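**Q** With chain A's structure known, arrange chain B on it following the hints.
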Amino acid sequence: MAAHRCSWWSWLLILFSLSVFVVADIHETTPVNDHHGGVDHNAQTAEQTADQPAVEERRWEATEVKEAATVDAAADIQGTSAPETVVPSSVPQPKDDFQEELVIRPLHSGDIYASFQFRTLWDTDFMRENKVSHYRLFPKSLGQVISKFSVRELHISFTQGYWRTMQWGQPFIPSPPGAELWVWFQDSVTDVDATWKELTNVLSGIFCASLNFIDSTNTVQPSASFKPLGIGNVTDHSFVRYATLPREIVCTENLTPWKKLLPCGSKAGLAVLLKSEKLFHSSFHSQAVHIRSVCQDWQCKTTSWELRQTLNSVFDLHNSGQTKREWSLFKMFSRTLTEACPLASSSKLYIDITDNPQGEQFELSPATSLLSQAVVLGDRRTFSVYDLTQETTFGSVRSLNLLIRWKSNEGEMLRPLLHAERYVAGYGLQTGEIHTLMYNNHPYRSFPVLLLDSVPWYLRLYIHTLSVTSKGKDNKPSYIHYEPSKDRVKPHLLEMLIQLPPNSVTEVTVQFERALLKWTEYPPDPNHGFYVGSSVISSLVPSTVAMHTNSTQERPLFSSFFPCKEESSYFVRIYTEPLLVNLPTPDFSMPYNVICLTCTVVAVGYGSLYNLLTRSFQIEEPNPGLAKRIANVIRRMRGVPPL
Amino acid sequence: MGLLSDPNRRRALISMLTRLNAPICVVCYFAGVAWFMGLAFEPFTLRTYMSENAMGSTMVEERFPAGERALATGREFAAHKKKVGGMPVDWLVKNMQDRGLEVFTQSFSRTLPFPDENKERYIVKGTNVYGILRAPRAPRTEALVLSAPCSPGDNNNQAVGLLLGLAQYFRNQIYWAKDIIFLVNEHDLIGMQAWLEGYHHTNTTGMSWSPLQGRGGSIQAALSLELSSDVITSLDLVLEGLNGQLPNLDLANLFYAFCQKIGVLCTIQGKLQRNDWDSVSGYSHAVQTMMLMVMKQASGRPWGDHGLFLRYHIEAATIKGVNSFRQYKTDATTIGRLLEGMYRKLNNLLERLHQSYFFYLMPSLSHFVSIGYYMPAFGLLAVILLLRQSSPGVLSVLTPLVISHLTGVALYALPIRFQETAVEHFPVSETEAVVLTAIAIYTAGLALPHNTHRLLSGEGTEQGWRVLKLVAVLYLAVLLGCTALINFSLGFILALTLVPLAAFVTPHVPKVLSAFILVILSPACTLLFSVFFFQELQDMPVSFQDGWLLFLSVISQGILDHSLYGSLVYPLIALLVFPCWLLFWNILFWK
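Protein sequence lines, in the order shown, are assigned to chains A and B.
In terms of our numbering, the first sequence opens at residue 1 and continues consecutively.
In terms of our numbering, the second sequence opens at residue 1 and continues consecutively.
Some clues are possibly wrong.
Partner residues are not named here, just some residues of chain B that face chain A (Cβ under 7 Å, in silico) [as the list claims (entries may be wrong)]:
no.	residue
1	R9
2	P136
3	R137
4	P139
5	R140
6	T141
7	H200
8	H201
9	T202
10	G217
11	N348
12	F534
Taking lysine to aspartate or glutamate and the DMTMM-like style, the derived pairs with C-alpha atoms no more than 25 Å apart in a straight line are [as the list claims (entries may be wrong)]:
no.	chain 1	residue 1	chain 2	residue 2
13	A	K490	A	D236
14	A	K331	A	E277
15	A	K275	A	E253
16	B	K94	A	D236
17	A	K278	B	E61
18	A	K275	A	D355
19	A	K267	A	E391
20	B	K94	A	E421
21	A	K259	A	D97
22	A	K95	A	D125
23	A	K331	B	D546
24	A	K473	A	E521
25	A	K331	A	E306
26	A	K518	B	E61
27	B	K94	A	E326
28	A	K148	A	D215
29	A	K407	B	E62
30	B	K296	B	E432
31	B	K119	B	D546
32	A	K471	A	E421
33	B	K261	B	E62
For the record, the hints were derived by calculation from the structure and aren't laboratory data.
Bear in mind the structure is a predicted one, so any value in this text is a computation, not a measurement.
Here a beta-carbon is modelled for each residue, glycine too, at the ideal position from N, C-alpha and C.
Just chain A, same shape as in the assembly (with noise of 0.2 Å):
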């Protein structure tokens, strides 16, 4: 046995010393599912199979299933076993693991969307009694937050721009503009709100945003469209806060300590590309932090914690001022790639390719042979592989400049199944009305959308004009979720799931007072307006895999028939743009000219009204009598004033 535990111990020690080097061969084989669950694995490399003969001359990734297999096995048994052998040691070897990726997509409007996520994956329980103290990948900072709050689930985003679904698509994960922050607490926290409040002062400073601003005023209990996304089926909502920040404004000041939780900082790996003076001359920036837990293994018999770091940007063709349609990662991050990050399991950069299987809409170089498939959002895509971890990438230069060489030049919309706008309507600055649109683009499939809505109370919801209509017709909403508003003290929380009907497009529409406010709780740019924060729409969108299944040329017929419900539908959550509202606002160099006037009409003005008001005046004849005016005289000779 001893032994055995030996060679276990040997078996153990090559894997982790030498995972950089030796597993790079075996990662290189793993699908690129990591991100989509182990369900994924099976369908696609059936599609694969059945993909190949058209692509043959390519050499799939994942097409050699065994070894893939054998190497999930191998990780199961390393998962499962590890455990049992090291818990009776008194020394607790915490099993974490790192890793990171960069996905590049050239968007159809000629942009290009750069895509990092940082994983580290913890086993441990941050939950028990004594505090875990020995840090290695995962970082303390984030550690002691998520053991002293309770905290189950942690989502927080930080977003500068409004990512444009009719131009660039779906993202891989959606923020709205501003900050974002919803966390899933323990059941065991008692006082809720109290945990949330402190929980939001801590994560002010760890990230440097102004998330302290957030209160009862701004944040909502969300029934149903926010779902913890790891493990546990929690349903009780009073676990759960949500909080937006529209008015964020996200900054080098925020990306640096963001940098900081990364277990390589920025000095090596795909953070050195993380430059802000680049990350912020593009036109979309989102970072966020995503931490929940995770099940190691397909049974789910022990959990770990997942920190996801992800940051997404778009950069702009037309800002760089060029006439050649040229990228290449120096020009968008000012940096090439030089290793990867020496303590990441695995570090990888995937290049999408789909719209350009031939080459004819731009050219990579260097090119790679390595092509990995995946389901995306509905969507299958392809993939050029980059492995970080092998020092072929890097050539004879060892450097990797990715350069990507535009061909043809369109810039057309696209038509995503699923978007959404928002916008005020009216004028003046007594009412108004918040219309939500939301188009279903399916050509012949409907499906239900959760829409989630929170309106500051300083908007008064007429909750009875509420109106959903599509088609023209009215569209009775199945689920209605209504929280009035508290003033001063809750916003209004509207939660409805809307099916829409198929190419459609569905508007709602609810009118809304402007609150007066009192003069000191006006901000001090109060004619700036006042921000409402987006609505989030969360919906299962049937897939555009799904759609071509009628259609499709190349799959054998047996295999086409019934929709396969893995691809069937993605989840989508979209954001609306968030909205500027003018309130009633008094001109703020009055107070000083009121508080003059009033002070002088009340002085001269009613001072003399009162006076004559209480006075009574008669004219009288000055009649003094004899005895007075002996006085008077004898007054007078004595130098002293009359009576």
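**A** Below, chain B alone, put in the same frame as chain A:
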């Protein structure tokens, strides 16, 4: 107050006011007029200054290089416009898309209540094209608008060219914090109205339009560009909007500041600024400029495409390129740089323009008269109404009041209703029918006193007319006061004509002469004189015949403005001012 607490002095004051009532009123009237005329005298006015800090000292560089290319685009636009015979929608969409904008179109249609003979249109159908330049890393909450009308004939091609040129240049800049909407609107104001209603999803005038697909949040400021020649001598700024609303003065300041910086001649009301304020001609020049502004504002019409923005709390102005025969010429690149500079400064705005004045008159582009200075002139006129009321039962005058207002309602509602009947029975066109019906009803109102008295039970007493006069004078005071607050120019002009007649009219003055004066000072005649005066101010005097035709067209335009854009001047005159005048007419013929 000491004056009032002393009964002797109080009595003395009252007796003086009653004894010297007439002279005081005359003095007040002339003092009011003199004060008003003094407003144009430069030492009495304030220099304009930038109040908004965000637009003040911040430096912007203007680098727009592509004026020539913009003009070439303008010529291309002209060719396509001619080919299509209207708005070249497809060409514009393609061009805007090529420039990297998100492009949307909006179609609209509107049937006018009666044909507009000035612009020769009745059933209007058109399409607006607009492209949105999305600001990088901005959440679509704020926007700026640059618009150029697609006018019939050879007008405004250069404006569209420059708009597209600017769009292309702006697209390549990184510094935008607000979305910029480039709008080309067809059928000038009607297209603009359709677009604004679509953008704000309101329907105030019964126009039908297709909903907008793309928006940029709340619009902070807008400029409308009118440019009809390749080179210009000067740029003219137009501020007067619907119902006499004016944009924030800072917008005018911004324009003036950039004209000074770049060295472009700028005018307001088509009048250059002169430095010789101390000479008679310099002063009369300033008076002319100010009077033109007063006349335009009083008309309550939008004097450019910007005029309709003001209803939506969007600060807007029209910039017109003027090409006269002066030597000094400015090319399109310079205008482009001017606009670039203005937009960059507007882009820097943190709040809506609110720091400077909303109520002002401008005797020149560098000087303005604020509300605090011009209101006393009106106050001096209004105080006469308070002095002329003599002590007074009010119910006895209900009949003339009601009848006067019914006449007003008839004047407001009947012309458009009865146009078809009129056209059937008389050899006139629809437009003429409407205008002539209006004039007929107006004239018929003059016969009112006879009818009123027939309805009045018993003899009109001395007490009766006094009560009626009291009511009428108070009515007029409130009416003019409110009008002057919203639209000073209109209020002042009405006060100038209505106050004297309100002051002198009694049943005991010579009937024929007074009746003549009353008619001369009635709202319609005021309008007629204003038409002549306006032409005079613009150095384009007209003969009486032309003047009369112009008068008729002004009436039809007023009615059209009301139904198309929701202008309030016509209902104000028909429903309030005219009945008020009728009350005085009634007093004159009191038996």
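**Q** Which of the listed hints are broken here?
**A** 1, 11, 12, 16, 18, 23, 24, 25, 26, 29
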